[in-house]
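Peer 1: Could you put together the complete structure from these sequences and hints?
Number of protein chains: 2
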Amino acid sequence: METVSTNRSHGGTQGVYTHQSTATGTAMTFSVFVPDHAPEAKLPVLWYLSGLTCTHANVTEKGEFRAACAEHGIIFIAPDTSPRGDDLPDDEAYDFGKGAGFYVDAVQAPWSVNYRMRTYIEQELPALVAEHFPVDMARQGITGHSMGGHGALTIGLRNPDRFRSVSAFSPIVSPLNCPWGEKALGGYLGPDKAAWRAYDACALIEDGARLPDLLVDQGDADSFLHEQLKTGLLVMACRKAGIPATIRMQPGYDHSYYFISTFMADHIGWHAARLKA
Amino acid sequence: METVSTNRSHGGTQGVYTHQSTATGTAMTFSVFVPDHAPEAKLPVLWYLSGLTCTHANVTEKGEFRAACAEHGIIFIAPDTSPRGDDLPDDEAYDFGKGAGFYVDAVQAPWSVNYRMRTYIEQELPALVAEHFPVDMARQGITGHSMGGHGALTIGLRNPDRFRSVSAFSPIVSPLNCPWGEKALGGYLGPDKAAWRAYDACALIEDGARLPDLLVDQGDADSFLHEQLKTGLLVMACRKAGIPATIRMQPGYDHSYYFISTFMADHIGWHAARLKA
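Chains H and R, in that order, are what the protein sequence lines are. If you're matching positions, the first sequence starts at 1 in the working numbering and goes up one per residue. If you're matching positions, the second sequence starts at 278 in the working numbering and goes up one per residue.
Simulated from the structure, these hints should not be mistaken for lab results. Note that beta-carbon positions come from the ideal geometry of N, C-alpha and C, so glycine has one too.
Below are the DMTMM-like pairs computed for lysine to aspartate or glutamate, each with C-alpha atoms no more than 20 Å apart in a straight line:
no., chain 1, residue 1, chain 2, residue 2
1, R, K339, H, E61
2, H, K62, R, D531
3, R, K339, H, D254
4, H, K62, R, E338
5, R, K319, R, E348
6, R, K460, R, E369
7, R, K553, R, E317
What the simulated footprint calls covered on chain R by chain H, stretch by stretch (three residues with Cβ under 8 Å from a Cβ of chain H suffice, anywhere in the stretch; the number is not a length):
no., segment
8, 330-341
9, 534-546
Peer 2: Okay, here's the thing in structure tokens:
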């Protein structure tokens, strides 16, 4: 692992790091904020998965998470959204290929060689982080935005022993039921929709996966709400499954980091209450 | 004036606006954050002047000012740092021409036609803002970063009746005494250094200008500190003049928005105490 940059910020260190990933076969870049802490202390961790077109940099620059992470003593990790490189398969559209990994392990050619973001986020990056940062891996939470909200929900649902807390900002709640999801999962996984269910929060809940609770914020002026995000499907799935979800429609807010940053401190406080209990 | 964009954020409206400036002869873009307020209320205003290479967008995206402005009920205005346009005189370097207006009215050809940021910031933009936003122009504060810290200090010192509060992040405190200043003021104003003194915070203080008090934060790991910023000259000028300045060296912090955002809420609270007194 190599350090790309470190900047002192909000009484801690905001770093950017790169390493050669075996999961994706490419260099991968991610950011980590570590609040100041006692020399031997291990801090709880909050993972943040980003949305379409983003890298680690969007939330690192615009997310306004550092003040709250410093206050609560939480390490904040922001991975990239796909493998990167000039010689990788890609698609001209913003919603498939680079910047659009959808947190799946692709099985379709030519994507299956590098687009293995599930293994990267679930296995490889946690092991790397545990080796290099003062993280208490017994206290992990996960959140994310849009495609990354989908990632947070599905990874959280599939790994209930790993994550004590799961939240999301304007998540894609059911790739089975929206154009972004149909394109991405169809392209990466192929036409058999039974294979998609492991990557669909509502289907995972329907198939028996559970969370102890859940916090979701969604802007009601989000232009993607009705066609792509479909928050109502998650409300129904949680209600049917008895998951005590707090799903808040925020009046006037859109899909941007102006929305995310507004509710970031709330989410960090919510995770802190569960990670430090 | 035309609205470029508005986004709801932190219980207010973050807008970006453009207008044709008579001062610069070009279109100019700026951002305004207006917290929610009572229908007839007029809110105090904090001006933020940006540094070299920046537009309004840097602080608007990375400045982390909205939560504190919403808390204190303060309107936050971020202008651009120079005129813009393909047919303007420019310089290849980052520290002269576009993105580097230095908040002066140029008198040297070819700069004197468009590079009139002093008139723009001191006269034209305040009049426009007063017409279009719910601002209480009797309660204005000013701050800024680096070249914009220089702008905030010099504009504040020259206009003591307009500004109740002046602060700065890592300001260029004396263009007369650093390479950035010598290049910019020499280029825009010509070789007669007597004319530069109206654009040099330390010289203005030496020549009799005063502030009721002053807050400055400066990172001690800032790579520009010793050659360009020279905070010590401001410390000495304030001491000699009896200005009760709070000039804080912040250990480990650099020149970036990771530094600015860390102390932004502090500055806004400091201005609020003076604007709402």
